[in-house]
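S.K.: So the chains spell out like this:
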Amino acid sequence: MMEPIVQYKNVHKSFGDTHVLKGINLDINPGEKIAIIGPSGSGKTTIIRLLMTLEEPTDGDIYVAGKNLWKIEKNGKKMPANERHLASVRKDIGMVFQHFNLFPHKTILDNCAMPLIKVKKMKKSEAREMSKQMLDRVGLGDKYDAYPSNLSGGQKQRVAMARALVMRPKIMLFDEVTSALDPELVGEVLEVIRDLAENASMAMVLVTHEMDFALEIADRVLFLDEGIIAESGTADEVINKSDNPRLQNFLKRFRA
Amino acid sequence: MFETGWNILNYLTQGLGTTLSIFLTATAFSFLMAFIAGLSRLSGNILIRGVTAVYVEVFRGTSLIVQLFWLYYAVPMLFNINLGSNWWVGVIAIALNYGAYMSEVVRTSVLSVDKGQTEASIALNLTRYQRMKEVILPQAFRLMLPEFGNYSIQILKGTALVSLIGLTDILYFGDIYRSTNLSEGPLAYLMVLIMYFIIALPLIWLSKKGEKIARRGVAS
Chain G
229 MMEPIVQYKN VHKSFGDTHV LKGINLDINP GEKIAIIGPS GSGKTTIIRL
279 LMTLEEPTDG DIYVAGKNLW KIEKNGKKMP ANERHLASVR KDIGMVFQHF
329 NLFPHKTILD NCAMPLIKVK KMKKSEAREM SKQMLDRVGL GDKYDAYPSN
379 LSGGQKQRVA MARALVMRPK IMLFDEVTSA LDPELVGEVL EVIRDLAENA
429 SMAMVLVTHE MDFALEIADR VLFLDEGIIA ESGTADEVIN KSDNPRLQNF
479 LKRFRA
Chain H
25 MFETGWNILN YLTQGLGTTL SIFLTATAFS FLMAFIAGLS RLSGNILIRG
75 VTAVYVEVFR GTSLIVQLFW LYYAVPMLFN INLGSNWWVG VIAIALNYGA
125 YMSEVVRTSV LSVDKGQTEA SIALNLTRYQ RMKEVILPQA FRLMLPEFGN
175 YSIQILKGTA LVSLIGLTDI LYFGDIYRST NLSEGPLAYL MVLIMYFIIA
225 LPLIWLSKKG EKIARRGVAS
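Line by line, the protein sequences are chains G and H.
Mapping to my numbering: the first sequence position 84 is 312, numbers consecutive.
Mapping to my numbering: the second sequence position 220 is 244, numbers consecutive.
Misleading hints may appear alongside valid ones.
Unchecked claim - Part of the chain G face toward chain H, derived, beta carbon under 7 angstroms:
#, residue
1, A315
2, N329
3, H333
4, P343
5, K349
6, K352
As the list claims (entries may be wrong) - Listed next, with one range per pair, are the computed distances between beta-carbon atoms:
#, chain 1, residue 1, chain 2, residue 2, range
7, H, L88, G, A408, 44 to 50 angstroms
8, G, G294, H, E235, 49 to 55 angstroms
9, G, F243, H, I72, 25 to 31 angstroms
10, H, E235, G, N257, 50 to 56 angstroms
11, G, A374, H, I72, 54 to 60 angstroms
12, H, L135, G, S353, 34 to 40 angstroms
These are calculated hints, taken from the structure and not from any lab test.
Quick reminder that beta carbons are idealized off the backbone N, C-alpha and C, glycines included.
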């Protein structure tokens, strides 16, 4: 039995009066590729934002490699995690955002190299070398010195992936990474993700509206509905064998 | 008439050194105060935030000339603190006053950098300090430039007040000239205006340049 690398235990999240997540229980195994689907507002994005420490859960615990992410245990008492604790846990997690969030004042090479130099204390030359290799891998070997504003949306998103990948996370989170792209640019981004899904050993969690793609690459599909995981299983189990009417309804709207 | 004007201008240059030295030093310290106070108001520590808020509101809410008199006449008497020469009193008053205004520029510029920039830097595990230094401030700084240019022009004009605590700046020599050549009063003050305007010209040019850099922009 493999130890899960991430565990959600009865996790709740509210924004003001809005109860977004209502008790999430989820184990993510090392290397596992998970796709989260569901209607908008169902809490898909919130699930991964909690793991990236961008939002704090209202209740429940999240464990990463056995360590409680949001709490420190001191003399048997649970205290809210401080910045240092969060940093020590999130070093294994990387994330790609819907709106890329590249640093506009840095070249794409520096976008990738800066975190290596500052966070991993790598030598400048080494960081740049690694970054170049990663940019080559996502097909941007000719753009090292370009600024983000000179790239297409698809190129920006590939840089964002290179920037996250070069940090060598054990878990990569993808937050609707193609929703802000023009349709003709979606393919090049999915191509990179497919390559990762097939060849990389890290766990991946995709929040996505690219239904067919998600089903194709995911080991496990979660259907999130009104703040709970309503269905969970292989793509085949969830899509073809489930008789959950809300899931059927959701899929029908997608196919239409 | 033209020759008299030229003579007056020459006479006024005696005050140029004082005006410029106060302007440059006060501007440098205003910027420093602006960053210290602006960033302190964004601090997570409620005490630091509170103290800074009091400073900013008090210095924005009272007039520079009264602050100048306070530092010059009142503070030494009340607290037995000697702030040094009146040149330093002038610099400190102007720096504290404009630093308070400009701290709001720093604060709002930092806040207007896209939230996604902070999120990306958290995801890359940068420390709070690194997020600020590497990601947020370089972008916020561009947004500050046009306002900083504007305030530097205001600081220049504000330096004229130091003639009231006995400093021999441009306006001081203008006053002296007028009191000894009463009939030429209007011309004398016209020349004072022109002199300030000439010094302000490069600043106006700089803030235009700053606007361009700011517009060239930041995060999409």
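S.K.: Decide, hint by hint, whether the structure agrees.
M.R.: Hints, one by one, checked against the model:
Interface restraint check for G:A315: the shortest CB-CB distance to chain H comes to about 6 angstroms, inside 7 angstroms, so the restraint holds. The beta carbon of G:N329 comes within 4 angstroms of a beta carbon in chain H, closer than 7 angstroms, and the hint placing it at the interface holds. A distance limit of 7 angstroms between C-beta atoms decides the matter here; for G:H333 the minimum to chain H is near 5 angstroms, and the interface restraint holds. A hinted interface residue such as G:P343 counts as satisfied when its beta carbon comes closer than 7 angstroms to some beta carbon of chain H; here the least separation is about 4 angstroms, so the hint holds.
Checking G:K349 against chain H by beta carbon gives a least distance of about 12 angstroms; that is not within 7 angstroms, so the hint is violated. The restraint placing G:K352 at the interface with chain H is violated, with a minimum CB-CB distance near 14 angstroms, outside the 7 angstroms limit. The beta-carbon spacing between H:L88 and G:A408, approximately 48 angstroms, falls within the hinted interval of 44 to 50 angstroms. Taking 49 to 55 angstroms as the suggested C-beta distance range, the pair G:G294 and H:E235 conforms, at roughly 53 angstroms.
Checked against the given bound of 25 to 31 angstroms, the beta carbons of G:F243 and H:I72, roughly 28 angstroms apart, stay inside it. For H:E235 paired with G:N257, a C-beta distance near 54 angstroms keeps the hint of 50 to 56 angstroms intact. Taking the beta carbon of each, G:A374 and H:I72 are about 40 angstroms apart, not inside 54 to 60 angstroms as hinted. A beta carbon spacing of about 36 angstroms between H:L135 and G:S353 agrees with the range 34 to 40 angstroms that was offered as a hint.
Of the numbered hints listed earlier, those contradicted by the structure are 5, 6 and 11.
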